[in-house]
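S.K.: Chain by chain, the residues run as shown.
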Amino acid sequence: MMIPFGHALAFAAVLFVLGLTCVLLRRQILMILIGVEIMLNAASLVFVAASAYWQQVDGQIFSIMLMAITAAEVAVALAMVVYLWRRKRTLIADDFNGMRG
Amino acid sequence: MSMMTSLPQFPWLSLLVLLPLVGALLCLLHSKRPADCRALALATSLAVFAVALYLFVCHGQSDGRWLLYEDVAWIERYGIRYVLAMDGIALLMVLLTAFMQLAAVLLAWRVERHVSSFFALLLLLEAGLMGIFLAYDLVLFYLFWEVALIPMFFLISVWGGANRRQAALKFFLYTLVGSFFMLIAIIALYQIHGAQSGVYTFVIGDLMQTQLTAAQEGWLFAGFMAAFLVKSPLVPFHTWLTDALTEAPAAGSLDLTGLLLKTGIYGLIRVAFPLFPNATENFLPVLGVLALVGLFHAAWAAYHQDDIKRLLAYSSISHLGLVVLGLAAWQLTAWEGSILLMVTHGITTGALFVLVSLIRERTGTRSMQELGGLWGQAPCLAFMFLLFSLASLGLPGLANFAGEILVLLGTFQQHPVWAVVALLGVVFAAAYMLRLVQGVLWGSTHKERVLPDLTMREWLILLPMAILVVWIGIYPEPFLAPLHGSVANLLAGGLP
Amino acid sequence: MSLLDLLALLPILILVFGGTAILMAGAWYHEPRPLLAGGIATALLAAVAAGLVQPPVAEIAGLFSAGGYARFFTILWALLAAAGLMIAGRFVVEKKIGAGEYVSLILYAAAGMALLSSATHLLGLFLALETFTLAFYILIASNRHCEMAAEAGLKYLLMGAVATGFMAFGIALIYASSGTLALPEAVVQLTTATGELHAWGLLGWGMVLIAVGFKISLAPFHLWTADVYQGAPAPVAGLLATGSKGAVVAALVGMLAMAGPIWHDLIDLIWLLAALTMLVGALSALNQKNLKRLLAYSSVTHMGTLLVGLLCQTSEGLAATTFYVVVYVVASFGAFAVIASLADKRGEPMSFDQWRGLGYRHPVRCAVLVLLLLSLAGLPATAGFMAKFAIFHAALQSGYIGLVMIGILASVISFAFYLRVSMLLFQPDESASRWHVGTSLEHAVLAVCSSAVLLLGLFPGVLFDLIGRLLP
Amino acid sequence: MNESLLFLIPLMPLFCAVINMLFGMRLPRLFAEVMAVIGVASAFVLTVLFWGYAEGEGTRAVLFTWLNSGTVDVSFALNFDRLAAPMTLMVTGVATLIHLYAVGYMHKEDDYARFFSLLNLFVFAMLAIVLADNMLVLFLGWEGVGLCSYGLIGFWYRKLENAKAGTKAFLVTRVGDVFLGIALLWLFAVTGTLSISEINAQATSISSGVVLAVSLLLLLGACGKSAQLPLMTWLADAMAGPTPVSALIHAATMVTAGVYLLCRLFPLVSLSPVAMMAITAIGALTAIYAATCAMAQREIKRVLAYSTMSQVGYMFMAVGAGTVAGAMFHLLTHAFFKALLFMTAGCIIHLAGDENDIFKMGGLRRRGPVELFWIFLAGAVCLAGLPLTGGFFSKDGILLALFTHPDPTYKIFWLIGVVTALLTAFYTFRLVYLVFAGEYRGTGHPHSLPLLMRWPLWPLALLGLLGGLFNLPAFVGGGETLHHWYDDLAGRAVTASHEVEWMLVGLAVAIAALGWFAAHRRYRIYQAPTENAVTRFLLNGWYADALVDRLFVRPFTAMARFCSSGCDRSLFDGTLSILAKMASGWGSLLTQMTTGRLTTYLSTFAWGFLILLGWFLLKLVDGGGH
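Chains as they are written, first to last, in our numbering: chain A, 1 to 101; chain B, 1 to 496; chain C, 1 to 472; chain D, 1 to 626.
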């Protein structure tokens, strides 16, 4: 069965907005990162769907690359989370507000 | 123009610009030895003056063509050329610059903080001014126009008075706003001309041939006027000048009033008027009225001042109002008078600023309330002060009168009412100058102060100025002669 | 991917493999200086390679261009990386940063920037962007002794991650609407696409614009800039302010040069962004009391001006933009280099209280800083003027008088804050303390930057001609 | 002889002035004094020697070009003609005597070099006016005398009042100069030349409106220098200067420059009957105004100052009545006797111990040298116009000219002249009585009078008394020498029947006698001065100063304050600082957005996204419309 392209796009859009909402509403660094993951997954979904729609592999390649990038990013991010926790014993994003103005 | 370029000749004009630049660099390199810097600055200024004097002697008469012309391709992508050109007017301004610079260096002799930087900036300023008076490519002109601001900015902001930083910023930003408008106008004119002729160039002489619609011409002209009138300075855009002049160190005030102010008017003569003849014609009545407003406003404001330096700053504005009025009359005699008045105003007001700084050095104050009775304590100083004050208020037989009367004679033939109103300003000038003299020279002497009279160095600064003031007052012919051809040419709207 | 492709990719390969080699070496060999020297040598070698080796192909794997334009920026970023390493020497040694990691990350970042500048494919663009972004995540927080560095790292990381999300989703939408990721086509297709697809595509471009806006800190996505520059060590901040932004702009220039004037639908938006960015950056810098933050906001203004150049879409505009990028990179990096060269055990001089009167303690470097700031401001006779001149010229030619006026307003405000700093440096203050005298490498970098600023100001023709020939 | 040598006449004083200015204080005092006297005396001798040049059409000499631009071509040129020559002779002659007097007067003053160089400079400037060939050289002298007057009034600058009086004199006369300047510009615009003789030659071809306007402007210019209404307020205050200055500048020479100017341009001025009438009216009003003021003054020099004003008014009337010869005649005799009066007044003040107030004098006849009283009296009878004195003949000539003027309106002016003559006689003898009669009322100790202050009085006394011989009217058997000397320059020939002339003489004698009699009645025996509104009104010169203050000075200073504080400080700088504050306000608002909190930063993405979507929808709606 072929899911209509429009549906896939709509679903991905909803997913993206959900991810963005998560990023915006949560204060926890980890939750924000999870939100970003959801946004990236939404993008992946579009790539895959579009790939099917255009009958090309480009989109799928991109989505694989995206996964790799995501993994690298998460690795760095988690290292950062650990480092921050050691320094400050908090993971609330807004607690890191030593610089402003 | 072309026949001048075909002859390879010694680049005198570049020398005028480069000599001070080299001097400035050498000064910076000798920052550990202040005495050397002084000598270096003096030597450089002397050399520049010698060159200027040589050119003046060689080219004392002008038939309106370029006396010297240097033209080298510079930035080819935009058709920007390195064009330096000198006619009689530029010659006079160059001579004035070189002369005032000598005085400024001598005046700055006793600067104690960061001597090398001070002299380097002073020389850089001279280079910038020379460039403004000589450049004949708009981008080059703009470059020098802005470059001259920086040394003045630092002279004010580092060596200035109590309120120096604010004054320096105000000075810089104010003039900057004006010149940005000019930049836009320059670029726009360049594009219009390029689109019309296919030749992209910034050389003023070529741009003069651009065909502009009335609206275009008006807007472009306005852009240039914004720069030149702020610099001139036109009321109500003059408050930067009073602050800057008041706060600047002595040598800075001297250069600012004697030279930097003149660049605005020079810009009108060299750039704005020739490029936009029709807009100029329409604008002249407005310009004349603005000049009169400035003349009176500044004279009135001068009368109210207590700080003698500020008073002189206002007097400068007032005088320049008369200069602009002469230009607005668009008449040969008036123009020659205006240009002569620029020169003489530079010398007289410059000398007054020198004297104010000497008085300040001796008494520690510039307030008229605290001064007075100087005549009894330092008669030579006081005599000089009186002499230049009288010159400044336009006493016949001294320099300013020669310029003023020519302006008035010329203006009256075109616009009698302007001339009559401007003449009333003469009383105003007398009112504030006499108030100044009365506040400084007359009255009872302060016994507790010990005021040494003029030293050798100070004589060296003032005496040449005094001699010039008298000389131009009774025999201005050598300074008028180079102008005849050039002014006639400009008024006719022709290429030199 | 053939051998010829690899030859064309040689500079990048030098950077990447050199970086990896140094990373490996760093694991066993802890003496930082040789590692740094190796890094500098690698970067210079890459620059030389990019300059001398004529690439046999025009395009590498359909992802990256190998044209003169790409090579030009490869050289620039490689040199920038070398300079970044030169001024980082004392930082790495004194803060006991792992030299191997630091050097390799810088080299990776340079590789990423070089790739980004030569991207001809959205995938290449995305990958290159992520490459140096990831490197910067780490570099920014590399100073473990500094609270602010960690905070800056976090801020850049989270913002960057979200921007990546936008970028990815935007590209996905573009792909969905146009069916291609290759660059000119992805744009060209958009004009022919109709109805819903057209809309999705435009939305995609808009989201890419948001991500790009974050990277080059366009208002209103600029808020992180000041915090991150302040927290990041000056050698890193220097690269971040110049390379990471310059590379993105270079990519945009390349994209536009190839795609031609087809961004009509987005023009209003970009116009607004440019105007907003110029003004917000200039106004925000006005009250700053911290030099690094001030430089951050100044970079915001400059990005706005660059956007004006991009908006013109004419070859005049693109050449101007490219010139502007180079000039901005030199001047801005030089300013950070001055900060880095003054840094000592106490850290970097940042707040205005620390800078006050410093001109009398370190006259030469402060004079250089003033010169660089004036170039950033756009004073004639410095390169900054010619850059602004070129942009204004292009913008006027394209009829963007309003933007030019706003640009002038921003310039005036910029002059105000640059001059305030200049005055501050030479304000007599006996309590001004002495900072580090700087190493000869740092001085060399400063000498190069300042002379470049002056030479490009007086003789910009050389660079203009070069750019004119290189623009794709 | 080369006619360029004529330049030696003005240049000798200039040369000596410059020498004194530069080296006066470094060389012995005697040198400065000798220099000063030589400068003037040599000019006098040269004038006598060169007298022949003035005859006929006069002699024009050009030194070098001053200003040359476009149509303007002005040289330093002088014109030694029949009008200039007597004036030159008078100026140099009187100046020589006054210089000698000044050497004695200033013998205790330390700052002598400044004094003498200014005095010499003044003579130069005055000669420039007298000898000027063109309007610009005249203007040079015109301003030059103003400057010297300024410097000398405020000579004792340590007292600020003196300096202020000098400033006032300079400013008020400069107001007049403006009108002269306008006239100059206008004449140049109409005639294309600044040469006085050419202007006079072209006068008939100038349209009558312009002639009227220019003449009125010239009149106002003359008013400034000559202290005529309405620009007369400075002269009384100018008495703050040393007495020789008052004698030379503010009695004999400078204040008559206005009259001379009108005579110089008489061919032009006389073309406009209205202007002539205005000149007469100004002269008449000033004459009677000043005479009334003089009646109530307490300071001896102020009495003389007001009388000078009044007498110059007569000269104006003469010009207005069309008789240049009459005006010049009175100018000359007045110069002699008024200089004499001032110099004697200086002696009197010395004797009274630096006391100026005539009510604190009295009995000075016996306190000083005997001859002093007689000399002063000689001056006084000239001023009062007692018969056979120089003043009598010159004043009578003017009254005759007014009376015989074809326009009946001039009879009114004649009447004013007669009344003024009465007042003049009264206040003159009031002065004589108060100073010399009765007992000494003051407290001052007399200073000794140096010889040099005494003997220059004699020649002047003789000249004053016998001045009538210069232009003795025909009906008393005189040759009207001056009138014939001027010949075509003399203006209207005053002709009247002998009956009328005798009648007028009789009237004049009666009036003088009446004035004397009144003064005799009132002041022969000292009475304390009465203080009432009228005397205060007259003492303060009809409150003219207060009026000027209200009308001009206060609005001027208010405007100055407005321009400086109101406009520049508040409006312009205020606007600027508002702009600056706005910018920095926006700046801090924007930096407040940089809260340092990540959530804020992240939300910008959302905002950006929303804006994007919104713009996008708008675009769609817009696109749907197509």
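Because the hints were derived from the structure by calculation, they are not lab data.
Warning: the hint list may mix true and false statements.
[Unchecked claim] Quick list of in silico lysine to aspartate or glutamate cross-link-like pairs, DMTMM-like style, CA-CA up to 20 Å:
{"no.": "1", "chain 1": "D", "residue 1": "K619", "chain 2": "C", "residue 2": "D344"}
{"no.": "2", "chain 1": "D", "residue 1": "K164", "chain 2": "B", "residue 2": "E477"}
{"no.": "3", "chain 1": "D", "residue 1": "K619", "chain 2": "C", "residue 2": "D268"}
{"no.": "4", "chain 1": "D", "residue 1": "K619", "chain 2": "C", "residue 2": "D265"}
{"no.": "5", "chain 1": "D", "residue 1": "K159", "chain 2": "B", "residue 2": "E370"}
{"no.": "6", "chain 1": "A", "residue 1": "K88", "chain 2": "C", "residue 2": "E147"}
{"no.": "7", "chain 1": "D", "residue 1": "K164", "chain 2": "B", "residue 2": "D306"}
{"no.": "8", "chain 1": "C", "residue 1": "K96", "chain 2": "C", "residue 2": "E430"}
{"no.": "9", "chain 1": "B", "residue 1": "K32", "chain 2": "C", "residue 2": "E430"}
[Said to hold, decoys possible] Residues of chain B clear of chain D, computed beta-carbon distances all greater than 10 Å:
{"no.": "10", "residue": "H114"}
{"no.": "11", "residue": "E281"}
{"no.": "12", "residue": "L451"}
Nothing here was measured: the structure is a model prediction, and the numbers come from that model.
All C-beta atoms, glycine included, are put in the ideal place defined by N, C-alpha and C.
S.K.: Decide, hint by hint, whether the structure agrees.
M.R.: Outcome of the hint check:
Of the pairs offered as hints, the one joining K619(D) and D344(C) is violated, with about 55 Å between alpha carbons and a cut-off of 20 Å exceeded. Restraint check for K164(D) and E477(B): not satisfied, since their Cα atoms lie roughly 37 Å apart, outside the 20 Å limit. At roughly 11 Å between alpha-carbon atoms, K619(D) and D268(C) fall within 20 Å of each other, so this suggested pair holds. The suggested pairing of K619(D) with D265(C) holds, with an alpha-carbon distance near 9 Å, which does not exceed 20 Å.
At roughly 16 Å between alpha-carbon atoms, K159(D) and E370(B) fall within 20 Å of each other, so this suggested pair holds. For the hint linking K88(A) to E147(C), the alpha-carbon distance of about 9 Å falls within 20 Å, and the restraint holds. With a C-alpha separation of about 17 Å, the suggested pair K164(D) and D306(B) falls inside the 20 Å cut-off, and the hint holds. A distance of roughly 33 Å separates the Cα atoms of K96(C) and E430(C); the hinted pair therefore is violated under the 20 Å criterion.
Annotation: proposed proximity of K32(B) to E430(C) holds, straight-line Cα distance about 19 Å (limit 20 Å). The Cβ of H114(B) sits about 29 Å from the closest Cβ of chain D, beyond the 10 Å cut-off, so the non-interface label holds. For E281(B), the non-interface assignment is confirmed: its Cβ lies about 20 Å from the closest Cβ of chain D, beyond the 10 Å cut-off. For L451(B), the non-interface assignment is confirmed: its Cβ lies about 15 Å from the closest Cβ of chain D, beyond the 10 Å cut-off.
Checked against the numbered hints above, the structure violates hints 1, 2 and 8; every other hint is satisfied.
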